[in-house]
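Chemist: The chain contents come next:
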Amino acid sequence: MSRELLAPEGLRVDGRRPPELRRLLTRVGLFAVADGSAYVELGNTKCLAAVYGPKEPRTQSAQLHDRAVINVEYNVASFSSGERKSRTRRDKRLLEIASVIKRTFEPVVMTATFPRSEIDIYIQILQLDGGALHAAINASCLAMIDAGIPMSDYVVACSAGFASGTALLDLNYIEESAETPALTVAMLPKSGKLTMLNMESRLHLDHFKDVLDLATEGCKSLAESLDEAVRKACKTPRPI
Amino acid sequence: MATIALPGDVVAVPDDPAALRLGPGLTQLLGAVTAVKAGLVCEDSGNRLWLNASQKRYIPSVGEPVLAVVQAKHAENFRVDIGGPHPALLPVLAFEGATKRNRPNLDVGALVYARVSLANKDMDPEIECVNPATSKADGFGELKGGTVVKCSLGMCRSLMAKNSPILEGLSSLFPFETAIGMNGRVWINAETTRQIVLAANFIRAADGAPPSRIPSMLKALKKRVEETDDGDDMDADS
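So the sequences go chain by chain: A and B. Number 197 in UniProt numbering belongs to position 197 of the first sequence; there are no gaps in the numbering. Number 98 in UniProt numbering belongs to position 98 of the second sequence; there are no gaps in the numbering.
For the record, the hints were derived by calculation from the structure and aren't laboratory data. No residue lacks a Cβ here, since even glycine has one placed at the ideal position from N, Cα and C. Be aware that one or more of the hints could be misleading.
As the list claims (entries may be wrong) - Reference excerpt, derived from the structure (chain A facing chain B, CB under 10 Å, subset only):
(1) V108
(2) M110
(3) T113
(4) F114
(5) Y154
(6) S191
(7) S225
(8) D227
(9) K235
Claimed, not checked - Simulated DEER-style distance windows between Cβ atoms:
(10) V62/B <-> E20/A: 17 to 27 Å
(11) A112/A <-> E76/B: 26 to 36 Å
(12) E168/B <-> K85/A: 31 to 41 Å
(13) K85/A <-> V62/B: 46 to 56 Å
(14) G139/B <-> S86/A: 50 to 60 Å
(15) V33/A <-> G97/B: 38 to 48 Å
Assemble the whole structure, with the sequences as input and the hints as a guide.
Modeler: In structure tokens form, the structure reads like this:
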């Protein structure tokens, strides 16, 4: 199995070298209705994020007296993968990913500025080619910045795996479903701190450092691209 | 030259840091002045540093004029929507000449021009329809007729600037009255419905357009205003 993922010439199934990222495309500020929105394409994975808030919580019980509550809804379109698979909203897997994303943003967003309010993030995956979690986090970060919600730093995420003795960056669908260990990392680029580390398979401790280092390197390059995207969006004339 | 700062960027501080006042979008994290939003860093002569960020959600701040929509009537106050994180309260007595016997007659859905009197992150914000210094209305109060345009906060700030090219340009075409709320809402009223619609569409289109495009947009608008409106029965009832 591992032999298929990394050809002897050192090329992966999609022709990339092990430490290569997929092509990144971003658009910020798509929806007129949402306070902030962003669209991220990482290779063939397409993700849309919309942020609403800070706003009045839907139910009185859903508020915290000293800070804002971040709610994440993560949806994968039924047409997004090779086979049509319709998932209900309460699918445990989707709820788990939503919870991971929520906990990724909680330490970064300055929620103490908005007590008793809520910030809603809606994520929709339109096309799934692996790396949905980190595409979703990157799209949500851009959408938060577009909404003007104060954050102490950017959040950038990337995934890395391990096959045939080499660490691979930014896994696609084939690599992810081939049972390679996959580590997703969310990082704050300015301070280098990690805000989320997610792995659901087994990886030998000897290889862990290489995979982690590659993932953080990937985060840093993604951070540069996201930086450029936001600067461009700031420069497009909006009356000041 | 304005620099763009992104969340987490440390902002260069002018010479006298002790007397520096930080405005919206900047905060002190671990001893350094850091940006928490994406925007242009601006400073003025009064040693004030702030971030001009484009945003749609309004965060209330004392003294700012806002356009509020009445959501509910309670005994002592009205509950209004100002487009912020929480609905605001408008006390029944916060109008010119209002007493317990003489209450203002506002229906649910009425539009009101008011100023923010209380804006604290831990409490619901409060607005008032009087100028606190003079106890007179000074333009605040219910707005009748016209239409409301939703725009970005940056657009409202630029409309409130002296000699805003958009408003000056419009005023050269036809007379109109306007109330600009810092919460991303602009109210426009003119003599005919057609003028109101043209003015509202113009403001909507100008939000996000580069300043260099405004003169050409005004020229196109001028042509539309001067078009004869036969077959245009928008004013059939007036």
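Chemist: Please go over all the hints and tell whether each is borne out by the structure.
Modeler: Taking the hints in turn, this is what the structure says about them:
1. V108: Check passed: Cβ of V108/A comes within 8 Å of chain B, closer than 10 Å.
2. M110: holds, 6 Å
3. T113: Given a least distance of 6 Å, the restraint on T113/A holds.
4. F114: holds, 6 Å
5. Y154: holds, 6 Å
6. S191: holds, 8 Å
7. S225: Where the cut-off is 10 Å and the nearest Cβ of chain B is about 13 Å from S225/A, the hint is violated.
8. D227: Interface hint status for D227/A: holds (6 Å vs cutoff 10 Å).
9. K235: Holds, about 7 Å.
10. V62/B <-> E20/A: 17 to 27 Å: violated, 53 Å
11. A112/A <-> E76/B: 26 to 36 Å: holds, 30 Å
12. E168/B <-> K85/A: 31 to 41 Å: violated, 58 Å
13. K85/A <-> V62/B: 46 to 56 Å: Taking Cβ atoms as reference, K85/A and V62/B lie about 52 Å apart, which means the hint holds.
14. G139/B <-> S86/A: 50 to 60 Å: Because 55 Å falls inside the window, the suggested range holds.
15. V33/A <-> G97/B: 38 to 48 Å: holds, 39 Å
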